[in-house]
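Each protein sequence line maps, in turn, to chains E and P.
Just add 219 to the spot in the first sequence (first one is 1) and you have the working numbering.
Just add 252 to the spot in the second sequence (first one is 1) and you have the working numbering.
Simulated from the structure, these hints should not be mistaken for laboratory data.
Worth double-checking, as some hints may not be accurate.
From the structure, some residues in chain P lie toward chain E, with a derived Cβ separation under 8 Å [stated by the list, open to error]:
hint, residue
1, 291
2, 292
3, 295
4, 300
5, 301
6, 308
7, 319
8, 338
9, 342
10, 349
11, 352
12, 356
Below, in silico cross-link-like pairs of lysine to any residue (SDA-like), each with a Cα-Cα straight-line distance of 20 Å or less [said to hold, decoys possible]:
hint, chain 1, residue 1, chain 2, residue 2
13, P, 294, E, 243
14, P, 294, E, 279
15, P, 294, P, 336
16, P, 320, P, 361
Partial selection, computed: residues in chain E whose CB lies under 8 Å from chain P [stated by the list, open to error]:
hint, residue
17, 249
18, 273
19, 281
20, 284
21, 287
22, 327
23, 330
We put the beta carbon where it would ideally sit given N, CA and C, even for glycine.
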Amino acid sequence: GAGVSQSPSNKVTEKGKDVELRCDPISGHTALYWYRQSLGQGLEFLIYFQGNSAPDKSGLPSDRFSAERTGGSVSTLTIQRTQQEDSAVYLCASSLPLDRGRRETQYFGPGTRLLVL
Amino acid sequence: AQSVTQLDSHVSVSEGTPVLLRCNYSSSYSPSLFWYVQHPNKGLQLLLKYTSAATLVKGINGFEAEFKKSETSFHLTKPSAHMSDAAEYFCVLRGSQGNLIFGKGTKLSVKP
Chain E
220 GAGVSQSPSN
230 KVTEKGKDVE
240 LRCDPISGHT
250 ALYWYRQSLG
260 QGLEFLIYFQ
270 GNSAPDKSGL
280 PSDRFSAERT
290 GGSVSTLTIQ
300 RTQQEDSAVY
310 LCASSLPLDR
320 GRRETQYFGP
330 GTRLLVL
Chain P
253 AQSVTQLDSH
263 VSVSEGTPVL
273 LRCNYSSSYS
283 PSLFWYVQHP
293 NKGLQLLLKY
303 TSAATLVKGI
313 NGFEAEFKKS
323 ETSFHLTKPS
333 AHMSDAAEYF
343 CVLRGSQGNL
353 IFGKGTKLSV
363 KP
C-alpha cells in the first residue's frame, strides 16, 4: 500500500519568508510525528499528533514553528520567518494508535529538504 | 532521562566480513528499541525492533540485534556484510510520549 508521502521534496526559500511542509500519513494511522534531521543536531523530534488529542509540541524549537492536522489525516508544518539554521530535512512519520506499551512502529516519509538562503 | 549513544560515528568493513554497530541506551522504564537504516537520499527504513519479547531480535536483510539489560546495550550485527549495506544506521529509543529518540547515527562503509 501507499506509504507516508511528503511535499515538496525540496524547498529553497529566502531568510524571513514563511514555508509550509505537507505530510500525508498512511491511511488508518492516527498517530503522526514530525522530526528534523540537520547536520549539527542529528534527528530531533518536533511534534506529535494522536487522534483528536491536543498535540505534544514539546520538541518545537521556537514559536516560529507550528503544525496542524486537519481531519485527523494530512498535517502541515509551518515555519514562519525562516532562518538559515532552519535548513534541514523535515521528516514525517505515522503509526497505528499507540497501544498501552507504546510499541507501534513508526513509518517514515522521504522527507522535505529545506534550504534557507 | 532517556538517551541513546551510538559508540562509533563511522565503521568500515570489508565485504563478506561481520558487521557490529554498537548502541547503548539509558531509560528509567522498560525500553522499546529500534534500529533504522537510511540509504543516501532515501527515507528511514525500519530494520528491527525490540519490545520486551525475545532478547535476540531478527530483522530484515540478515541483521539482528541483542538486547542486554545488564549492559544497557542493543548492538546491531550481521554475519557477512554486503556492498548494499553501506548506509547510515540509527539506534532509536521510544520516549515516554511515544516520540522516537535517535542516536547520532553510524555510517557503515563496505569495501570490496
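Results for each hint:
Interface hint at residue 291 of chain P: violated, since its Cβ lies 11 Å from the closest Cβ of chain E, which is beyond the 8 Å cut-off. With a cut of 8 Å, the hint placing residue 292 of chain P at the interface with chain E is violated, because the nearest CB-to-CB distance is about 12 Å. Interface hint status for residue 295 of chain P: upheld, as the beta-carbon distance to the closest one in chain E is roughly 4 Å, under 8 Å. Annotation: residue 300 of chain P was flagged as interfacial toward chain E, and the flag is violated, the nearest CB pair being 10 Å apart, outside 8 Å.
A cut of 8 Å between beta carbons decides the hint on residue 301 of chain P: the least distance to chain E is about 6 Å, and the hint holds. Of the supplied interface hints, the one on residue 308 of chain P is violated, with its beta-carbon coming no nearer than about 18 Å to a beta-carbon of chain E, more than 8 Å. The interface hint given for residue 319 of chain P is violated, since its Cβ lies 14 Å from the closest Cβ of chain E, which is over the 8 Å cut-off. Given hint, residue 338 of chain P at the interface with chain E, is violated; its Cβ is 19 Å from that chain's nearest Cβ, farther than 8 Å.
The beta carbon of residue 342 of chain P is positioned within 8 Å of a beta carbon in chain E (closest approach about 7 Å), and the interface hint is therefore held. With a cut of 8 Å, the hint placing residue 349 of chain P at the interface with chain E holds, because the nearest CB-to-CB distance is about 5 Å. A least Cβ separation of about 6 Å between residue 352 of chain P and chain E falls short of the 8 Å threshold, and the interface hint therefore holds. With a cut of 8 Å, the hint placing residue 356 of chain P at the interface with chain E holds, because the nearest CB-to-CB distance is about 5 Å.
Restraint check for residue 294 of chain P and residue 243 of chain E: satisfied, since their Cα atoms lie roughly 17 Å apart, inside the 20 Å limit. Taking the CA atoms of residue 294 of chain P and residue 279 of chain E, the gap is near 24 Å; set against the 20 Å cutoff, the hint is violated. Taken as a hint, the residue 294 of chain P and residue 336 of chain P pair is honoured in the structure, with Cα atoms around 13 Å apart against an allowance of 20 Å. At most 20 Å may separate the alpha-carbon atoms for a hinted pair to count; residue 320 of chain P and residue 361 of chain P exceed this at roughly 26 Å.
Annotation: interface hint on residue 249 of chain E violated; nearest CB of chain P at approximately 12 Å, more than 8 Å. For residue 273 of chain E, the suggested interface contact is broken, since its CB lies about 12 Å from the closest CB of chain P, more than 8 Å. Interface restraint check: residue 281 of chain E against chain P, minimum CB-CB distance 18 Å, threshold 8 Å, status violated. Contact between residue 284 of chain E and chain P, as hinted, is not supported at the beta carbon level, the nearest pair being about 15 Å apart and thus beyond 8 Å.
Evaluation of the residue 287 of chain E hint against chain P yields a violated restraint, the C-beta minimum of about 18 Å exceeding 8 Å. Satisfaction of the interface hint for residue 327 of chain E is found here, the shortest Cβ-Cβ separation to chain P being roughly 4 Å, below the 8 Å cut-off. Interface hint status for residue 330 of chain E: upheld, as the beta-carbon distance to the closest one in chain P is roughly 6 Å, under 8 Å.
Against the hints set out earlier in the document, violations occur for numbers 1, 2, 4, 6, 7, 8, 14, 16, 17, 18, 19, 20, 21.
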